[in-house]
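Student: So for the sequence shown, our numbering puts the first residue at 1; every next one is plus one.
Hints are computed from structural coordinates only; laboratory data are not their basis.
Be aware that one or more of the hints could be misleading.
If you anchor each label on the Cβ, the simulated ranges turn out as follows [what the hints assert, rightly or not]:
1. H89 x A60: 22 to 32 Å
2. R111 x R72: 32 to 42 Å
3. I13 x E75: 18 to 28 Å
4. E122 x S56: 35 to 45 Å
5. A78 x Q8: 26 to 36 Å
6. E105 x E75: 18 to 28 Å
7. G123 x L27: 16 to 26 Å
8. D21 x K90: 22 to 32 Å
9. A78 x D21: 25 to 35 Å
10. K90 x V5: 23 to 33 Å
Cβ atoms here follow ideal geometry from the backbone N, Cα and C, with glycine treated the same way.
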Amino acid sequence: MAVTVTPQTELRIEVAWTRLDDRHGHLARAVTSGRLAHGLQALADDYGAGYTPQASAEDALAAARATTQLARLLESRAAVQVVHLRDDHKLSWRTIAEHLHGDPEKHSTVRRQYDTGRRHIEGG
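Could you build all of it, start to finish, from the sequences and the hints given here?
Tutor: Structure, rendered in structure tokens:
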């Protein structure tokens with residue numbers, strides 16, 4: 001993996017990448033826009049998902065929007081990964097479903113991900 005995440009201390013990490021690793025600038029924009037920070041805060045806070053009651057409604061909406069945008073981007077990337085798992089590695093729908101969703105019966109979910117990933121690859 002070209003993007004590296006290196007623990008510095010128990011509570012600090014360093015993330016490093018090059019422009020070649022992020023040719024379209026998605027990672028750089030996620031960092032500079034605050035989407036990555038909001039998404040990580042939502043991950044860190046199990047119950048509140050990064051929600052702070054003292055925040056204004058506008059700030060709370062901005063945090064939720066940032067987390068949603070990051071989640072959508074990751075969902076589209078996961079869908080493209082499903083295309084590669086199926087087309088390049090010739091894995092069955094059931095195998096992919098088992099590994100991604102913990103249930104081989106979720107093969108129809110994986111097929112929908114595949115279709116979404118195929119549309120992203122084709123530019124649609």
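Student: Is 18 to 28 Å a correct range for the gap between the Cβ atoms of E105 and E75?
Tutor: holds (21 Å)
Student: For the pair E122 and S56, does the Cβ-Cβ distance stay inside 35 to 45 Å?
Tutor: About 41 Å separates the Cβ atoms of E122 and S56, which means 35 to 45 Å holds.
Student: Just to be sure I understand the hint, the distance between the Cβ atoms of G123 and L27 should be within 16 to 26 Å; is that true here?
Tutor: Since G123 and L27 have Cβ atoms about 20 Å apart, the given range 16 to 26 Å holds.
Student: Has the hinted range 22 to 32 Å been met by the Cβ atoms of H89 and A60?
Tutor: Once the Cβ atoms are compared, 42 Å apart, the range 22 to 32 Å for A60 and H89 is violated.
Student: Falls inside 23 to 33 Å, the C-beta gap from K90 to V5?
Tutor: holds (30 Å)
Student: Using the beta carbons of D21 and K90, state whether their distance is inside 22 to 32 Å or not.
Tutor: With Cβ atoms ~27 Å apart, the hint holds.
Student: Between R111 and R72, is the Cβ distance one that fits in 32 to 42 Å?
Tutor: Because 20 Å falls outside the window, the suggested range is violated.
Student: Has the hinted range 26 to 36 Å been met by the Cβ atoms of A78 and Q8?
Tutor: This hint holds: roughly 28 Å between Cβ atoms.
Student: Given a hinted range of 25 to 35 Å, is it respected by the beta-carbon distance of A78 and D21?
Tutor: Given about 18 Å between the Cβ atoms, the range is violated.
Student: Is it true that I13 and E75 lie within 18 to 28 Å of each other by Cβ?
Tutor: holds (23 Å)
The structure is inconsistent with the numbered hints 1, 2, 9, although it conforms to all the rest.
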